[in-house]
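Chemist: Just need the whole structure built from these sequences, with the hints factored in.
Below, each chain spelled out in residue letters.
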Amino acid sequence: MSAALTLDQLSVALKRGRGKPIAVLDDINLTVNAGEMTALVGESGSGKTIASLGVIRLLPRSAEVSGRVMLAGTDLTALTESEMRRVRGRDIGMVFQNPLSALNPTTRVGNQIAEVYRLHTGETDRAARARALDLLGEVGIPDPSDRLDDYPHQFSGGMRQRVMIAMALACSPKLLIADEPTTGLDLLVARQILALLSRLRREHRMGVLFITHDLSIVEEHADQVHVLYAGKSVEWGTARSFFAQPRHPYSQALLGAVPRLGQTRLASIPGNLPDPETRPPGCRFAPRCAFREPACETAYPAPETTGGTMFACRRGREINPAAMLDAVLDDPAPIAAPSRGTALEVTKLGVDYERTATSFFQGMIGRKDKMRALSDISFSLRQGECLGIVGQSGSGKSTLGRAVLQMISYQGHVILNGEAFDTMPRQQRKLARRRIQVVFQDPKESMNPRMRIGDIVAEPLKLAGMRGQRARMAQAAALLDRVGLSERMLNLFPGSVSGGQAQRIAIARALATNPGIIVLDEPTSSLDVSTQALLLNLLKDLARQDGLSYMLISHDIAAVSYMADRIAVLNGGAMVEFGTAQDVLTRPTNAYTRELIAASPHFRTNQPGGPTETMEFNPSTVQPSAV
Amino acid sequence: MSNALGQTIHAPGGALRRSAAERAANWLGDRGTLVTGVALAAIVVLFSLIGPYLYTASPYAIHGHHALEAPSAAFPLGTDQIGRDELARLIAGGYATLIVSIPAAVLTFLLGITYGLAAALSPSWFDKVLMRVLDAILALPGLVVLIFFSALFTPGTFELILLLGLTSWPGLARIVRNEAIAQRNRDFILATRQFGGGTWYIARAHILRVMAPILVVNATFLVGDSVLALSGLSFLGLGLQPPYTSWGGLLQTGLNLIALDPWWMILPAGLMIFLSIMAANLIGQGLLARFGAAR
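For the record, the sequence lines run as chains A and B. So in the UniProt record's numbering, spot 619 of the first sequence is number 619, and the numbers just go up one at a time. So in the UniProt record's numbering, spot 119 of the second sequence is number 119, and the numbers just go up one at a time.
Don't read these hints as lab results, they were simulated from the structure. Quick caveat: nothing in here was measured; it's all calculated off a predicted structure. Yeah, the Cβ is synthetic: ideal placement off N, Cα and C, and Gly gets one too. One or more hints might be untrue.
[As the list claims (entries may be wrong)] Covered stretches of chain B, going by a simulated chain A footprint (3 or more residues, C-beta under 8 Å):
hint, segment
1, 117 to 124
2, 201 to 212
[Said to hold, decoys possible] Listed next, the in silico EDC-like pairs over lysine to aspartate or glutamate satisfying Cα-Cα at most 20 Å (straight line):
hint, chain 1, residue 1, chain 2, residue 2
3, A, Lys15, A, Asp26
4, A, Lys444, B, Asp127
5, B, Lys128, A, Glu277
6, A, Lys430, B, Asp187
7, A, Lys20, A, Glu277
8, A, Lys462, A, Asp442
[Stated by the list, open to error] Only part of the chain A face toward chain B is listed, based on derived beta-carbon distances under 8 Å:
hint, residue
9, Phe440
10, Met466
11, Arg467
Modeler: Take a look at the structure:
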């Protein structure tokens, strides 16, 4: 099989400010065969995007690159910049994470696709337009001739990504680099994009370098897997042998951290990915590895194999998977006395959105269109229960959360501990709202960037009338401790902590008013897989200790199934399915629910994190009322 | 040398090897604008506020024999057409200019912030009313309004402060309102509401805090604008009335005698107006470059 792309000892060092260059990528050897997909997997900070930018030579000028990048026999590192410009777009197509920022909002998509083609082939406008039409059809956009003259904002997220792919395909490249193209998309859409890339690579005999942090998404489609950790390759080989038997403890942990249907505990890796400046001298995973021995900390291990994948681990050969599994699974917290009272009751809740006037004249006469965002939602939430709200973007799931939080106006009733919000006097309502707290998707956005973390966590205490800065800081330290953070963070600003830490801080703040209920609005979807696992475990433990109730809003039914006792599925503003997690997952009545379940990663026998003794699908080994 | 984390620490002696000029250039680097602005502002302020104590000649004393004299040892900046010491008048004019402009800028600042925040945080119908009022005010040409009011009464220092302060806030109000609207639905504001934070608490503790860089930058620009507006008004004869004077007034007196080419009556006053506006703008730009991005 011919190679579309070969990286030979690719290393990159970046300069930050006036300092010495810092190695961010070390000796990467990687091959993408023609017609195959290689998944380059790593968490943020692993160097995976640096590697892709190194291939297309779009790194900052100050970057020091060594090694060779062979594209179908040509060494890209030896080309001049003007030769390289012709290679980009013609021989290498690129798809990025955010298609909206990669497409020009003022140009019709047909013209954008045609432009790439014309630029590289010198064809006529007419030929280029015909090509754009073909491509739109090929990437699965319905009625392509009608959509050719639409603007990017008229497409949904998934459709935009298809337009990006059409652009990347315009000149039939030998290699397609897809950098997190499915991150931020709903699961069903992400699956479709992956299936599309998979089909296209076969039909065009094109190599695909698929960069992602999510192992589960590439499981079906990748031919090769290459796992990066802190700028070094830790394990690589065929996808078949990798998924059958990952050998590196990091690969194991990463696989175990992906929430899958039917899992009772997620793998968690202690600590954080080291910064490029502070990478350990030996195996870079050693400080976080349960299997390290003194030798691991001094020298980087040479690649080994047992016949399957190649792995850079001194002990990968000997450690058996069950031991790896145990090492990354901690014990869940013990359950405090369960109670069965009703914490929250929602009846016949509906939300209308006023669409702002579509034209100037409509605005003049004050006409507003009403859109039904949610209708006729009823459910109750028991004390200590986690209710999962699942749906794709636009399903109304976040609107439901906001209505329960009293952030927006709604029809129907939300009853907290027997008292309906709509009948409460204003002041009482303000106090009652404190009993329902919220954790948002983007933790950095949910705290004032100009406040110190101590003040952020203590703010609810201050608003609740707690006197004395010193007393508040002591309480804030105690709250940080509950979410596993050190009180040294009190004086930092949010900008200097990682995403996972920031989300813990947001949880600590939500706990400050001792709420009975926390609405978790996509709490982990902006985080890396291993961080997500740590956070879900933390939330689960907090609930078990305190009898907290959660409303967990997510598009990821697998993550929800890990947490929830009962699941509600929203589609188009209506509740299409509601029942215990077990019922919804094993006997879904709605076609949409079935689709969601089918698209989610399932628990498999050889993966950590699942009940090892039972193969049967059984999400509620924990009593429903307890978590 | 490196610490426990393997980070490089520069030896204390290392910096000494570079030349003094190189170090100065390095230090100035990105804050050159700010430093230049602060230096200019210091010159202008010291000249106007400390000047009266260092150069004690009276700006009002008339030296009949020395009318319209070019700079000499006795009168470093010459004399005007009735023989008053121009340097003393430049200092007095500076004092008069700053004592009006700075309080006027402060007044503008407070009014603009209050109005802008009130609009952004009120129900949308009230926001609309406030914004239409603002549009109406903005539709009037500022200078014409100033001229109208100062022609109505003889303005003293206090009246001028009020006049300038009450007419120049709409621009800032609009900036504050738009920025506050951009901030008011951010997640951290929603979270604060959930803890029971009221509107004014949120305005004070969150919105103003996040907007602080923009506000500081605008405040410096306001001082420059205020100096310019007062100078323009005085130039038209509507500012402080004789015998008191300001830089704009000095400029006007000089220009009335332009046929006699009394450059010492025109250049210094013009230069001081230019320097103070330049100082305000450089400080604003410098602050913007340093703090504007991190929001």
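Chemist: Run every hint past the structure and note whether it holds.
Modeler: Okay, the hints, checked on the actual structure:
1. 117 to 124: violated (count 0)
2. 201 to 212: holds (count 6)
3. Lys15/A x Asp26/A: Holds, at roughly 15 Å.
4. Lys444/A x Asp127/B: violated (29 Å)
5. Lys128/B x Glu277/A: violated (53 Å)
6. Lys430/A x Asp187/B: holds (18 Å)
7. Lys20/A x Glu277/A: Given that 20 Å is the threshold and the Cα spacing comes to 10 Å, the pair holds.
8. Lys462/A x Asp442/A: Not OK: Lys462/A and Asp442/A at ~24 Å, beyond 20 Å, violated.
9. Phe440: holds (4 Å)
10. Met466: violated (12 Å)
11. Arg467: It is violated, given that the least Cβ distance between Arg467/A and chain B is near 16 Å, above 8 Å.
Violated hints, listed in ascending order, are 1, 4, 5, 8, 10 and 11; each of the other numbered hints is respected by the structure.
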